[in-house]
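The primary structure of each chain is shown beneath.
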Amino acid sequence: MKIVAVTACPTGIAHTYMAAEMLEKTAKAMGHQIRVETQGAMGIENELTTKEIAEADVAIFAVDIEVEHLERFKDKKSVRVGVSEAIKNPKGVLAKAGV
Amino acid sequence: MTTRADSHRERYQFVCALHNGVHARPASMLAESVAPFTSEVTIAKGIDSTPVNARSVLSIVGLDVHKGDVCVVAATGADAVQAIAAVRTCVEGRLAEGDELPAPDAARAQASVKLPITLRKQNTRHVAGRRVCGGVGAGAGVLVKGLVLPAEALDAKPGSTNEELGVVRGAAAWVREDLERRSGLAHDRMEAELLRAHAQIAGDPALLAEIEGQVRGGRTAAQALVAAAEQFVARLRTAASAYIRDRVVDVQDVCMQLLDRVTGGKLEAMNVRLERDSVVFAEMLTANQLLRMDRRFLRGLVLGGVGATSHTVILSRSLRIPTLIDVPGAASLVGAGEQVVVDGDAGFVVTGVTPGVARYYERQKRTMDRLTARLAPAALKAAVTSDGVRLEVGVNATLADEVVAAVDRGAEGVGLLRTELLFLDRQTPPTEQEQFESYDAVVRAAAGRPVIIRTFDIGGDKPATYLTMPKEDNPFLGVRGLRLYEKHPELLRTQLRAISRASAFGKVKIMAPMVATPTEAAWFREQVRDAQKDLATAGVAFDAGAPVGVMIEIPATALVMDQLCEEVDFFSIGTNDLCQYWMAVDRGNAAVAGLYNPHQPSFLRLLRTIVDGARARGKWIGVCGEMAGDRVNLPLMVGLGVDEISVSPGEVLKLKAAVQALDASACRELLAAAAACRTPAAVETLLRAGPRSSGTHESILDAELIEVGSDACSKEEAIREAIDLLFIAGRTNDAQAVEEAVWAREATYSTGLGYGFAVPHCKSDAVATPTLAVLKLRTPVEWGSMDGLPVGIVMLLAVPASESAGGGGAAHMKVFAKLARKLMHEEFRARVEGAANSEAIAACLREELGLA
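Going down the list, the sequences are from chains A and B.
Just so you know, this note's numbering puts 82 at position 29 of the first sequence, and the rest follows in order with no gaps.
Just so you know, this note's numbering puts 1671 at position 304 of the second sequence, and the rest follows in order with no gaps.
So that you can see chain A by itself, here it is in the shape it has in the complex:
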């Protein structure tokens, strides 16, 4: 499957990146393609392209704050979870997204 994800936590210093790493690590281990955009203290990094979003089967938002430019995901199948859930139980989050 092709997955896109966005992670964002309140301070954007640590958990944004932990969640991104866990989602990437877990999805890849399961044989899926994943691209994770981080919205942290440094702003948006690894920004998802329109093409990537269009081609993805599902979008995962592991966020504790509002996603920036949410309109990019209009009509996209998506799930929203808290950042810590993605760190604690990445497999569960992927399952929730139907992966």
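Honestly, the hints are just simulated from the structure, not real lab data.
Wrong hints could be hidden among the right ones.
Claimed, not checked - Which bits of chain A does chain B cover? Going by a derived footprint, with three or more residues having C-beta under 8 Å, they are:
| # | segment |
| --- | --- |
| 1 | 69-77 |
| 2 | 128-134 |
Said to hold, decoys possible - Among chain A residues calculated to face chain B with C-beta under 10 Å, some are:
| # | residue |
| --- | --- |
| 3 | Cys62 |
| 4 | Leu123 |
| 5 | Arg125 |
What the hints assert, rightly or not - With beta-carbon atoms standing in for the labels, derived distance ranges:
| # | chain 1 | residue 1 | chain 2 | residue 2 | range |
| --- | --- | --- | --- | --- | --- |
| 6 | B | Ala2111 | A | Ile97 | 20 to 30 Å |
| 7 | A | Lys127 | B | Leu2156 | 39 to 49 Å |
| 8 | A | Leu123 | B | Gly2151 | 26 to 36 Å |
| 9 | B | Arg1737 | A | Lys130 | 51 to 61 Å |
| 10 | A | Asn142 | B | Gln2027 | 29 to 39 Å |
In this text the structure is predicted, and so the values were computed from the model without any measurement.
Built from N, CA and C at the ideal position, the CB exists for glycine as well.
For this one, chain A is given, so just place chain B on it according to the hints.
The following block gives chain B in isolation, referenced to the frame of chain A:
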């Protein structure tokens, strides 16, 4: 000021110039001045008030004379002329010395107090008070009562009036002599003056008359004393000024000593015995009660109605005893012997000391000891960069006391001694002798270190009454500094003589303010020579080789540095005025204040031109403005290649330590890059990133920020200890603010990420530079982690709130992001867990995070 001669009757009128009004010490000076004469001397406030005896300190104090009030002194008798002359000399001379300014933090009342989190979580019992002297002290509570008659004296029947009068007079004479004797023995100037003032009160005619009146009314000496004290206290309490009200305690003090004498040394309040570490609680505590205590055991003071400007507080501060005032019900807060902790820094007293509280303060003490140990070597050593460039760190000062403290902290000299204070707020200029004593005290305090004395810098903004200064539309561009000297050559000559006399006792350098042209510089040098000639003629010693310099604060000087170098020996840059004049901005004007910024690239270029101009001709040049005291600017100072920076006493040690961590060639590169910027913001971004070799990355991580084997036994302790690592390393000055920010973040959800790791973090402006601190705990602690396991490794990420995504900030944040990602991998965690000591952890993190 008028004097009208009359046969045996003489009058003198003056305006009170003392900030704090005529309180006990100035009043005792006045009373002392008329003591040798036989004439009757009275003093009145204004023309209408009832004149009081000028030999009575209490009566003078009771006049409640404020700054600006007119006082009329009248003398009648054979030596009336001489008596008035003596009063006049006193008013125009030493009276101002008795005017202690209120403590800087005295006005800042404590609104509320926030307990440190560790104590808050333990629901620590505490009472807030107003901070008047910092530090932390722990001990057993000792309750001290005030002026209370011993039980047996309460109902005692008086002897004959003559017997009781004899007792009173005998006690008064004895106490007075005792105070005078102790004043002569006192080492501390403050203490000596206080005891002298009290000796005056003990012999005060008004007080004695009141006591004797009470005796004649049928009381014993002891009862009369207490009644008289109450009378005076009630009278003084109604005074309008808080300062005068604070003098109540002086009267009580003397009365207590009298009572103690009368009761044969049995007055409990006067004989407080401290036999172990103690914290004294009292509603009212007199300075003498304080002085009579065994200070070896005095750990703190918790006081109720003692004012911030009272002698008790002034003394406690000079003895450095942690002190709180305005503590409601101070005398009944604790039981005698109960353990308490006074936190004079935070402003509360812990009345319920649990083992947890004791542990918190032990840990805090350990932190302070570590900080002192870390900085101590820097105080002794010269500040030299890693590549061997020396930067002297001096202190800006006004008083000798400040210099003593700064020298202890490693100050290598006085880079700027301001002298205006001697000239302001008085009716006549200071005499040569008075000035000499003041400069000499500073030179002696500097103990052989150089002292740059700047001649008075007075202008339209800080006028002195005896100087005729025309009203100017724009005083900052008018007659001030050196420009005033031509109109008052006698003032300059006197000061230069006083400075030159002091030069015989140390390394004095003489500097003029507000010099714009080489002609002015040459003229100033000539004036110094003339003053020295005066001394040579009179056979008075001075240092003929004392260097003469000028302050660089007018931009015009930058382009004639070559010519200035021909006229003087050294320079000191006053960045505050220089920047205002350079940018044509009044920094007090909010509409344009934004332009006032020493990080303006043009200003950096100006500084470079000035310093290069001085260096090209081998002249010594320092910087004494605010810019030099801000640690952020230190690389610029080193990059400029100045010989010295002169800063406030509190900054000396930190800056000396910071110099040693810099590389001068990298600082020069940084300065070049900064001067090439277009905006102050761009310069500030460069400064935040720091000079090249101190390295954007290395600065995040340092072995001294890693502690292995921490004995923290709770999450609170672990977080505080990690923050204290930042504090000791000089990366934050406000550990409690960082702590609050970390816990605010912790409140959203736990930062325990599982596997025994936690990453508490925060963005706070109390953090100086992005920092990673690591704590490896001996015993893992509960953290509320995602997997429920306790935490053994704490990685604290602290970021300044203003850290931007651009420039150097991004590089720091990338390191943190990388670390966060790494922590998700078991191999990484295992490596960190396996590292045995700080160095090994630092090496491992450097490698894993790609920090060179």
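Right, here's what the structure says about each hint:
Restraint check on the segment 69-77 of chain A versus chain B: 6 residues with Cβ-Cβ distances below 8 Å, three needed, restraint holds. Using a Cβ-Cβ cut-off of 8 Å, 0 residues of the segment 128-134 of chain A lie near chain B, which falls short of the minimum of three, so the contact claim is violated. The interface hint given for cysteine 62 of chain A is met, as the beta carbon of that residue sits about 8 Å from the closest beta carbon of chain B, less than 10 Å. A least Cβ separation of about 20 Å between leucine 123 of chain A and chain B goes past the 10 Å threshold, and the interface hint is therefore violated.
Violation of the interface hint for arginine 125 of chain A is found here, the shortest Cβ-Cβ separation to chain B being roughly 20 Å, above the 10 Å cut-off. The supplied range of 20 to 30 Å is met by alanine 2111 of chain B and isoleucine 97 of chain A, whose beta-carbon atoms lie about 25 Å from each other. Distance hint check: the CB atoms of lysine 127 of chain A and leucine 2156 of chain B are about 41 Å apart, consistent with the given range 39 to 49 Å. Evaluation of the 26 to 36 Å hint for leucine 123 of chain A and glycine 2151 of chain B yields a pass: the beta carbon distance comes to about 31 Å.
With their beta carbons about 56 Å apart, arginine 1737 of chain B and lysine 130 of chain A fall inside the hinted range of 51 to 61 Å. A hinted range of 29 to 39 Å is violated for the C-beta pair asparagine 142 of chain A and glutamine 2027 of chain B, which are about 49 Å apart.
Checked against the numbered hints listed earlier, the structure breaks hints 2, 4, 5, 10; every other hint is satisfied.
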